[in-house]
Amino acid sequence: MLKQIAIRLGRQKTTTKSLVMRSAGHRLTERRGPWAWAAGLAAYAFLYLPLTIVVAYSFNDSRLNAEWVGFTWHWYRLLFGDQDMLVAAGNSLFIALIASLAATVLGTMAGIAMQRYKVRVLTFMVLAPVAMPEILIGVSLLLFFIQVLNLTLGVLSVVLAHITFSIGFVAVIVQARLAAMDESLFEAARDLGASPWQTFRHVTFPLIRPAVIAGGLMAFTLSIDDFVITFFTAGVGVQTLPLRIYSMIKIAVTPEVNAVSTLLMMLTLTLTVLASRFAPDVLRGKT
Amino acid sequence: MTDMRAPPAPGTRLTKWLVSGPPLLFLLLLVAAPGVITMLASFRYPGEFGGLAPLVAADPQTLQGMTLETYQFFFSDFIYTEVFIKSLFMALATTLICLVMAYPLAMLIAHSPKKNRNLMVLLVVLPFTSNFLIGIYAWMIILGPQSALSQMLNGVLGAFGFAPVHLLFSPFAVLVALVYVHLPFMTLPLYTNLEKQEPALLDAAQDLGANAWQRFWRVTFPLSQPGIFAGSALVFIPVLGMFAIPELLGGTGDMLVGNLIKDQFLGTRDWPFGSTLSILLTVTVLLIVWLAAKLAERGGRYA
Chain W
1 MLKQIAIRLG
11 RQKTTTKSLV
21 MRSAGHRLTE
31 RRGPWAWAAG
41 LAAYAFLYLP
51 LTIVVAYSFN
61 DSRLNAEWVG
71 FTWHWYRLLF
81 GDQDMLVAAG
91 NSLFIALIAS
101 LAATVLGTMA
111 GIAMQRYKVR
121 VLTFMVLAPV
131 AMPEILIGVS
141 LLLFFIQVLN
151 LTLGVLSVVL
161 AHITFSIGFV
171 AVIVQARLAA
181 MDESLFEAAR
191 DLGASPWQTF
201 RHVTFPLIRP
211 AVIAGGLMAF
221 TLSIDDFVIT
231 FFTAGVGVQT
241 LPLRIYSMIK
251 IAVTPEVNAV
261 STLLMMLTLT
271 LTVLASRFAP
281 DVLRGKT
Chain G
1 MTDMRAPPAP
11 GTRLTKWLVS
21 GPPLLFLLLL
31 VAAPGVITML
41 ASFRYPGEFG
51 GLAPLVAADP
61 QTLQGMTLET
71 YQFFFSDFIY
81 TEVFIKSLFM
91 ALATTLICLV
101 MAYPLAMLIA
111 HSPKKNRNLM
121 VLLVVLPFTS
131 NFLIGIYAWM
141 IILGPQSALS
151 QMLNGVLGAF
161 GFAPVHLLFS
171 PFAVLVALVY
181 VHLPFMTLPL
191 YTNLEKQEPA
201 LLDAAQDLGA
211 NAWQRFWRVT
221 FPLSQPGIFA
231 GSALVFIPVL
241 GMFAIPELLG
251 GTGDMLVGNL
261 IKDQFLGTRD
271 WPFGSTLSIL
281 LTVTVLLIVW
291 LAAKLAERGG
301 RYA
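Protein chains in written order, with UniProt numbering: chain W, 1 to 287; chain G, 1 to 303.
Just chain W, with the same shape it has in the complex (with noise of 0.2 Å):
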């Protein structure tokens, strides 16, 4: 098409040399044709749809999720009245608080040390909870603080698995941010007398700080909405938000998850586009 368009605006002299070179790079623009956009679109709204009848009921005016009444603030009201709902939420922030500094901290470490030093059996028990159904995750887990630490099951016992499978989202981040740099900048550093820590404090950190505040901002939400670990590893002792919102839509479907589904949303998208600010390849690095 652009092609198209470059040989008939040079035949009307009207072309300028960038067009002519642009065209000649991306000859085949019909690539994105009337069909793709369609089926692109369709997927968008796949994506969309649900999320966007969730945050719409949570303002709906009826008990029921069929159709719309007017508008109310009823649900959210309700939500900040329920203590139960409350102390669920303060669980997942403290939580999710705890979990994702230690985790930060010690995915940092595992991935300079995949980097630097190519421990291989770090690099595997670092992927190993990223790749593996969750649900393995959890129920051995379940097992070692039952059966083996003898741990009641509790805040404990879920930040320790948070920072399980939180470890290896920050050290992939942290890992692919060093290997994009020089190694000749270390040696530098190196070179001038700087010891390891020196090195690690004024070459290192500055260079992979956005990397480490993506990767921890990442396991902040990462720990704030899981679910199937938390199942496992919370037992009866404590109540996190997804745990929440689990049981409630197992009871039934009431107006009140939407409103607490929205402002859980609001939360993660928000650090999400954090996260993306600070390392904009965390979104394709993450699996």
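In short, the hints are calculated from the structure, not lab data.
There may be inaccurate statements among the hints.
[Stated by the list, open to error] Taking lysine-lysine pairs in the DSS-like style, the calculated list, with each CA pair at most 27 Å apart, reads:
#, chain 1, residue 1, chain 2, residue 2
1, G, K16, G, K115
2, G, K196, G, K114
3, G, K86, G, K294
4, W, K118, G, K294
5, G, K115, W, K250
6, G, K16, W, K118
7, G, K196, G, K294
[Stated by the list, open to error] Residues from chain G that face chain W, not an exhaustive set, calculated with beta carbons under 8 Å:
#, residue
8, M107
9, W139
10, I141
11, L153
[Said to hold, decoys possible] So the derived label-pair ranges between C-beta atoms look like this:
#, chain 1, residue 1, chain 2, residue 2, range
12, G, I79, W, R77, 44 to 50 Å
13, W, D82, G, L122, 30 to 36 Å
14, W, M181, G, I85, 31 to 37 Å
15, W, L127, G, G209, 52 to 58 Å
16, W, L127, G, A200, 31 to 37 Å
17, W, V121, G, E198, 57 to 63 Å
18, G, G209, W, K118, 30 to 36 Å
The beta-carbon is built from N, C-alpha and C at its ideal position, and this holds for glycine as well.
Based on the hints, put chain G in the right spot on chain W.
Chain G in isolation, oriented as in the chain W frame:
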């Protein structure tokens, strides 16, 4: 290739273990050890009140409490194998549908102007970072008997004299939600692959007389095999372990392996059998990964 760099400075070995030690130790304790414990638990008898007898016992006699009974039990009744096979089919169907939906989406993003791409990728990632339970819940609304979709569908069916259908609590609902939750997993690796493809190859194909379909089928598609394999693994494997989607959206017969495992651990509390199912699922996953790696190797000539 020879290493041109200077020999490591003294203290490097110490630094290496100072850096890799803590995460390694943590993961040995919370990934490797629980894995081994699950394997051991699968060879044990269930405890009197559910669970199992303590694994770490001072008495070496407890080693005699090991058994293959749970494995025999699994293969003695076909219903368990059947759940495994059904889960594999469900995962395969999900993967294929995701592939068909993700391909045009990934192409649309990859062929968009560079400045729009990051935003378009972000728009794919956002629904996937929001909790998957919210997605399940939304599909409960959309497919529920009072929803506009159900009413409309049953209105049309009724006009032609067919009996009304229930969309919710069916394998259809399970499949829709599985695809919904995993679509981004397929889209992202595909996009990464398609973005890297050299557009000049398509020009060359065109110069050689290939039409649009031939260019897609004989250039773009074969070149995208690594992306397809990566995306398929990212969809297929997690679907195998799902339990929340079938539980909340499926009927009683739509159980997957995940539900079976969950019931053994939190329902009937037969932990040895639950562990056996976990081990068998692990073996299945490893087999599939191995198979995919083999296939990818064969397709590797395109990479």
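**Report entry** Violations among the numbered hints
**Finding:** 1, 5, 11, 14, 15, 17, 18
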